[in-house]
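Peer 1: Line by line, the protein sequences are chains A and B. So the first sequence is residues 1 to 111, counted in the working numbering. So the second sequence is residues 112 to 345, counted in the working numbering.
You may find that some hints are simply not true.
[Said to hold, decoys possible] Label pairs and their in silico Cβ distance ranges: (1) B:Ser-154 x A:Leu-21: 32 to 38 Å; (2) B:Lys-118 x A:Asn-5: 42 to 48 Å; (3) A:Gln-110 x B:Arg-237: 51 to 57 Å; (4) A:Ser-4 x B:Tyr-278: 25 to 31 Å; (5) B:Met-134 x A:Leu-21: 22 to 28 Å; (6) A:Leu-14 x B:Val-125: 29 to 35 Å; (7) A:Met-1 x B:Val-117: 21 to 27 Å.
Rather than coming from a laboratory, the hints here were simulated on the basis of the structure. The structure presented is a predicted model; accordingly, all values stated were derived computationally and were not measured. Ideal Cβ positions, reconstructed from N, Cα and C, are used throughout, including at glycine.
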Amino acid sequence: MSYSNAEIWTIIGLMAIGTFLIRFSFLGLIGDRPMPPVVLKLLRFTPVAVLPGMVAPLALFPDATGGQTEPVRLLAIIVVLGVSWWRRSALWGIFAGALVFYAGLIATGQL
Amino acid sequence: MTTATVKSVYRKGVRDGGPFLLMALPFAVFFGVAAADAGLMLSQIIGFSLLVIAGAAQFAALQMMIDDAAIALILLAALAVNLRMAMYSAALVPHLGAAPLWQRAAVSYFNFDQSYVLSMMEYEARPELAPHLKAWYFLGIATLISPAWVLATYLGAQIGQFIPPEYSLEFTVPIMFMAMVGPMLKSLAHVAAAFVSCVVSLALLFLPSGMGLIIAAFCAMATGAVVETWAERR
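Bound conformation, chain B alone (with noise of 0.2 Å):
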């Protein structure tokens, strides 16, 4: 085995997220789509993109702000998608713990599905890899996702204005919503919180915007905790 440099463990990171592009574009260009049909600025579009780089969290935030919730309830909602960026930051403490700060705080800007998985994989493959390689290694992974995301936004905005409302784009935001929980059914305790969610949610309609969902969200999360708890002991 060849020793590893900073040139080819991050070179090796930008080869590896190539084909990640395919995945996560048609999401940013769907975001860009919706958010430009639900009246948002260009620069305030690209803001979210940017800024945020959370693709779940960005259409809860762009949802709720459709149904004019209250920006606290906003927060609290797409921060609640993005809870489970806290494990994948747990997850990665055992290889880059020891990594330079500027390059934990840059892993974790570019933190999403995509880099995550695939560097994973790449640590645990090659776990005698030093810290700051497996960093330079995420790094390469975001080199073209990261501008490619934003520039996909950009693109759905732009073609999202001239799409005329009886096409109804704004179905496009449950959908993509719908079609991100389908993979994430594992398990009878996740069917069990996805349930309990959408009972709760649809019980609770009378409430102001958002209120409702933020009591599903724990309801459901107790519920998947639950079952998970009882389905281990049998």
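Okay, chain A solo, but in the shape it has when bound (with noise of 0.2 Å):
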């Protein structure tokens, strides 16, 4: 990470208003005005279309290992997807993933 302090408290204070405005879209300012049902639709599929595109080259190409595909990592983030889709839990998921992930750590002695 290379960014200075002022720079970060940009990112941070630009994502508070950004936040809050969202959160406020509706209920302070748009009002009861009904939006093209095209735009909820999209708006539905938002977190899972972004949060899988960051996590899969951090899955197959992790900086620990200079971006060479290691399998532990691979393998805990493959039992952290299917474990939060079954038990339909983050937590359940994150932890059978860590669970994973550090038992695989300690067997190929990278821990």
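Take each chain as given, in its own frame, and dock them per the hints.
Peer 2: Structure, rendered in structure tokens:
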């Protein structure tokens, strides 16, 4: 990470303002006017459209190994996805994934 | 049924929000740990949790900062993650649209997944409550969770400083993200969007940090909408 203190506070400040405006949008500014159904439909997919794209490169080409694919990390991510989907719970996924990750690091002598 | 007062409704909100602390706090601890590990200062870490209060967006920004992405791209990705809250805001209008402005502003600041879901359940169970009482219920839920969120972040940041690098704490970030994705895969459209997001993001890794992700997200949103429309027609 190579940002100055001022740059980091700029990120925090603008994120805070932007997030508040998103949350305040309808309740405070737009009111009860209907939104085009297409927009609502697209909005519904934003988290599921952003987060997997962020994870895929990190799981396949982790920085810790200099971008080399590493089986323990890949397996841990697959377990996280499987368990969090199966249990419908993020927490269960995190615990299962962390268990696999650290057990794997120990088993392969990385820890 | 007894008559609802500001006090009774607010207290019910505080009580109902209690159990959700257990679900929210580990995320805040992990954020503190990961942010300290990435090299953020304590004041900056607390600033994130206090001013933004949105777990997924905080993790998204943190990961892109670790990757040294351009500031505009960090903001774009983090705010894209938060766009779902525009839907929350819209869904609250029938219940809180007539509440005073300060209450609507306060509710907006505290509008995150837990407080939104709990409040909507209560509003659907007691639609007759006056708008200002509904807002007090919402603020009751936020009363415990919000300070606890900041405190847990602080604890995480303190713990994170003492954990040596061979524990690969940076990998907790993708684990958190993937864990948030699993429960969201509710339909074929969601699965298709997640898949397209991965594929396009990987295909565009040669672009400057963060750029491919934004393009991947737009492709994935369009895919989700198209697949859903197609599934509805069948």
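Peer 1: Could you check the structure against the hints above and give me the numbers of any it violates, in ascending order?
Peer 2: Checked against the structure, the hints that fail are numbers 1, 7, while the rest are satisfied.
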